[in-house]
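*Asks:* Letter by letter, the chains look like this.
4 protein chains.
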Amino acid sequence: MTLTLPVLAPPDLTALPGLTAALAARAAEHDHAASFPHEGVELVHRAGLLTATVHPRHGGSGAQLADTVRILRALGEGDPAVALVTAMTLFTHAAQARAPHWPEQPLAELLAESAERPVLLNALRVEPELGSPVRGGLPATTAQLRNGQWELTGRKIFSTGAVALRWMLVWARTDEPEPRVGFFLVRADRPGLTIEPTWDHLGLRASRSDDVLLDAVRVPYEHTALLAAPGADGGRDATAGAWNSLGLTALYLGVARAAQHWLTGFLHERVPTALGVPLAGLPRFQSAVGEIDIALSGAERLVGALAAAVDAGEPGAAEESAGAKLLGTRAAIDAVQQAVALVGNHGLTRRHPLQRHLRDVLCSRVHTPQDDTLLLAHGRAALHRTTTNALAPKGI
Amino acid sequence: MTLTLPVLAPPDLTALPGLTAALAARAAEHDHAASFPHEGVELVHRAGLLTATVHPRHGGSGAQLADTVRILRALGEGDPAVALVTAMTLFTHAAQARAPHWPEQPLAELLAESAERPVLLNALRVEPELGSPVRGGLPATTAQLRNGQWELTGRKIFSTGAVALRWMLVWARTDEPEPRVGFFLVRADRPGLTIEPTWDHLGLRASRSDDVLLDAVRVPYEHTALLAAPGADGGRDATAGAWNSLGLTALYLGVARAAQHWLTGFLHERVPTALGVPLAGLPRFQSAVGEIDIALSGAERLVGALAAAVDAGEPGAAEESAGAKLLGTRAAIDAVQQAVALVGNHGLTRRHPLQRHLRDVLCSRVHTPQDDTLLLAHGRAALHRTTTNALAPKGI
Amino acid sequence: MTLTLPVLAPPDLTALPGLTAALAARAAEHDHAASFPHEGVELVHRAGLLTATVHPRHGGSGAQLADTVRILRALGEGDPAVALVTAMTLFTHAAQARAPHWPEQPLAELLAESAERPVLLNALRVEPELGSPVRGGLPATTAQLRNGQWELTGRKIFSTGAVALRWMLVWARTDEPEPRVGFFLVRADRPGLTIEPTWDHLGLRASRSDDVLLDAVRVPYEHTALLAAPGADGGRDATAGAWNSLGLTALYLGVARAAQHWLTGFLHERVPTALGVPLAGLPRFQSAVGEIDIALSGAERLVGALAAAVDAGEPGAAEESAGAKLLGTRAAIDAVQQAVALVGNHGLTRRHPLQRHLRDVLCSRVHTPQDDTLLLAHGRAALHRTTTNALAPKGI
Amino acid sequence: MTLTLPVLAPPDLTALPGLTAALAARAAEHDHAASFPHEGVELVHRAGLLTATVHPRHGGSGAQLADTVRILRALGEGDPAVALVTAMTLFTHAAQARAPHWPEQPLAELLAESAERPVLLNALRVEPELGSPVRGGLPATTAQLRNGQWELTGRKIFSTGAVALRWMLVWARTDEPEPRVGFFLVRADRPGLTIEPTWDHLGLRASRSDDVLLDAVRVPYEHTALLAAPGADGGRDATAGAWNSLGLTALYLGVARAAQHWLTGFLHERVPTALGVPLAGLPRFQSAVGEIDIALSGAERLVGALAAAVDAGEPGAAEESAGAKLLGTRAAIDAVQQAVALVGNHGLTRRHPLQRHLRDVLCSRVHTPQDDTLLLAHGRAALHRTTTNALAPKGI
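Residue numbers (our numbering), protein chains in the order written: chain A, 1 to 396; chain B, 397 to 792; chain C, 793 to 1188; chain D, 1189 to 1584.
Excised from the complex, chain A in its bound form (with noise of 0.2 Å):
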């Protein structure tokens, strides 16, 4: 079969700061309201960006990581809801195009609709007995084969943009004799797929990461990717992993840079009536936005250097990644809430978005991999690379 693919929109990142400045105008209203930003997500297709990384075989602009990251911080600067959810798609389309996994069928209708509306793509991984499947351990949620048809029946949680998405991969096992596991491709429209609104969470309200049950959700035989015995690694490649570290770091530092930015507004604008002059002019606050400033553009060149390097195939430079976000994500929690201790009660109260920014950049904490998971995994790595080193200790 030969597909006739549509040519998408190519991305327009001259777009960028307007979209900032768009989501920007209306994340308070959809954090207040826990509601999902859909005409958010509407400008984000309409700019070409939420099928940026569609390969160019299947009539995309191929764009790689560098871009990705340019384009997930101008996002979460404004709305970080609309770039996690934009990153997710993105990433699925990345790692289509890095090597094609999806079958053609589903792959065609995607790509198509992808060129009309906006498509949203994610891949259901977390379930509730679990923890996180990254850790270890098979899906609960199960594919029975009957009469030709796979169906599905779970509970996934932390399903970001459940209420917007209209692919769901979901992370299952099959119920043969010998349990393979990979991903099966849900069309989120599909009888016995619910959503509940179990999402109330501190930051990231409108995300809508709520939960998905499967009740026997019919699945065409072949719709599926990644199907192996256990043990797989589901795509979870070092490639895959830096896209999503260094992805969502970039968000993340987009927080921060809204945060800062408010803040120099705010100094700016904060006339004290003993002191007769803005709060911009004195030393403290300069050197305390000198702290943020030079934290952020670090982070910033950090992810970007390295994106960089990942996308050129530097050997090593994937496994830096998750490092990256631990320090990437520390910079931006760090810089808010240096933000909110400087300013006192206005960076508190709920009419200001200093504490928005707060609660939302304490998720980035929360996205695999963990601090705690990737330290060990990054000291063991470095403690093996040294036990022939030559500078090595003798004799203690």
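FYI, nobody ran anything at the bench for these hints, they're computed from the structure. Even glycine gets a Cβ: it sits at the ideal position worked out from N, Cα and C. Do not take every clue at face value.
Covered stretches of chain C (chain A as the covering partner; in silico rule of three or more C-beta atoms under 8 Å from a C-beta of chain A) [what the hints assert, rightly or not]:
| no. | stretch |
| --- | --- |
| 1 | 992 to 1001 |
| 2 | 1141 to 1149 |
| 3 | 1158 to 1170 |
Some residues of chain D that are not near chain C, with every Cβ distance over 12 Å (derived) [said to hold, decoys possible]:
| no. | residue |
| --- | --- |
| 4 | P1194 |
| 5 | D1255 |
| 6 | E1317 |
| 7 | T1330 |
| 8 | L1333 |
| 9 | R1334 |
| 10 | P1365 |
| 11 | D1403 |
| 12 | I1480 |
| 13 | E1507 |
Based on the hints, put chains B, C and D in the right spot on chain A.
*Replies:* The following block gives chains B, C and D in isolation, referenced to the frame of chain A:
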């Protein structure tokens, strides 16, 4: 006049690992005796590294900042005293390469000699009365015109490598009615020039950053550079600042890597009786090594990426370098301090190098620009940039 | 006139554990609705705690600061909003106990009513124009003498517990030719007094620290306290400062203990599938709980010891209290932030109280004296003390 | 037998300021030469401080822990090496006071001599093979019964004050069929006992914590203490732990105060040309001194309050002491590191004492109990306490 210049040996970057090891082998001895590592400098010269940044028009290879940070990190890991005098020499050649400002005769002499043997250069700026001249103020060292020659009188402190320098670029003012300020190019063997061995520091003891006394030292009239009315920058433009900030940060990241390597070797070798396995097998130590390795990898990536951006002339990259110095030297200091805290008495005994690395790395903060100064400057710049920011809050 | 005063019920400190539990049972609900916890205040009253610091000469028990910090820590652990209005009431009674300054009539009325039902008191100082008055400046709220009565007009912000206060001590200036400044004792049911529900904060939502508007509110001529020429301290002596600093720090240490208790309960109950034992069995979590417990125990011991020293009139103890606020509130904030970082999504979901404790504890920094102010003041005092120190260096 | 005991001179706490100054006057010299400060110990003896904790039943004054921390802080500020050997002597006398365990004859000899001249005592526990015995394991040093006497053979490391000790309490095991473990009381002038000058440390150089070699050193049969089956605590009960933790923490807080005093003196004296006023006049330095002073005041208050609570037998106070060591030594280390960072080269030059204070204070972490051990122990205890806590979360 047309100079007949020697062709300088090209820098051999493949020699770096061997150089690191050779310098490390004698670093403890020089630290203990506070003796200058002449033989280490000789090794750097033989690998063509001491003249790596000489411009091709002057017979050199024209290495840029990206190569320079690679060199300085490797040398710093071996012996930071050797690295520091190498840095000063490389920075001086690089400034000359970017904008030639030495008169022909001393330049020719310098280059001819550099082809034959190690020729160390350094700018002597700091004086007892001033603190550091970058904080403002005219130098007290004075050049008097006598019989067509300058006579230089004054005292310079913290003159790194003083005993081994061949040329000193002495920052001084003329005693003219309208005084000019700039560099006077002084060969170290001139009568009237004395070195006082005042350097007795906690760290970088082998750098011999002694006092240089000038008592009517004669300098040919034309042997000056950048002589101009006060207020000129004395070559301290943003690019020179970037070389200084990134080069020195790389050097101290090398020190921190030396500390890490000793630590990991120790953890592999140390098998407590009660434990029965090496400390390297304990999660607590693995995580701690992970922290150190991630911090140093991130800082190295940041410094390397920024150096490449400076080389490429990316707007704003040079200005970002002072911030990278803050982040990089903090990462280096923190890493060594964590290593020390981790291994108890073993980290503090003088039989092991870790305490030396700690003493050395603490010197990283002392180099210009210092943290307080650069934080203020960055903060002011960041506040200035956002004066008109569209996201700034209204009506607080 | 001789007052006939009721005998107030003595405070029952044995009731504290039960009170903590009772307040905790409804804290989430009040936080969510941002509703004032009237029934919680009623419980505090019934245990005799709301008048614990009334002087025996006024029929009270004369509890000192050491008991007050015990009370506020226990209440803060249950519901910091209840604790905060209790604190303001206890501080006001204690100031009156140390140096009687209320006129007899309102005092008698206050005490008679306090024996019957919860009577909440608070000093209203902060105004929109000023920042906080402790940073200098006259209040904009003005008292005009009309027909032998004062008429108060102005706006007070951050008026903790406004909807539930019985007496407000309104900080204002007179419109006399030489204006005086002091407190005007205003019963909250006076005509012209309105409460604007402006309080919409990240934390301490139930404290209802709303705006109070005064529009020509009449106050009997003698119903003032500490009315004096500008520059007088308005009762802000070192002892009052110590009560404020240590009392509020204790309150927020209670919040942090609530966070710790939730955390340890969670670690006992949570048994990841892959692990098979509770998280409480892992050294990583044990060490982290150790950090939190040690920090909070140390801060509690510090606050308790300093409170006892203030009660004993130890010279310098009161002056040390602002520093203890810095250390204690930092310990509280850090402890809760560490707990949040430790448990990922569970710490951020609004189903669990940890995120509420985080939001609440962040308010600790906002109370006067704020960190920047007290650091400067302490530093100046420390520098002053050592001006003549015998160990000072010579001849630098 | 009835002992005829001398009356020991009572400790003169009013001598402490003078002692601090006298010790400080020679501390640099002893640090530089790594020489033991015999004359400093003599001064401590003359003030009656070396026997301050001897029980009244033994002719002493029975000073408790609260006085001991006062003494050790003052001595630590002058010379921590003198303070450390004093600490070991005071701890040994105090243990004897709490629960007499020395045989009469050596005790009488010890006390008689202590009345006449400085008599230093120390328990020698650490051995090369073990790490520290508190981490478990039998000592390798062995006592063999030969002709009614013990013969001790082994090597003890980190034996503080070895060259100046009069009695060593050597932790060893017997070679009996069922080995016992305990202290053997060894006079330092016994044949077969040699001191190897192995101590070459970054800090506390004058403490001469050398190796002690025992080669068949004879000890009278009854000159033992706490000899018992393995598993007994060797006097390491909670109260002894509290003396050790709080006493040593006080000592290092003294070091940090010495650093603060040098810093403030420097800030008063240093007048940069460009500034025209002392650095002490700048808010940046004032705030930094405020940080240091608040941290140290808080730690001193904590240590003092806990010492008094231990003396009063308050339940749980002794168990809290290890946590106070963590907080107090961190405060001390941080304070000195901040001072170093604040003054650039001046903090690192060996002409000034600040770098010595840094080297000394880093030794605070090395004393038992070390941070990792005590964090785990505290965390486990805290988790155990809350197993049944009423506020624990349900149904997660």
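*Asks:* Of the hints stated earlier, which fail here?
*Replies:* 12, 13
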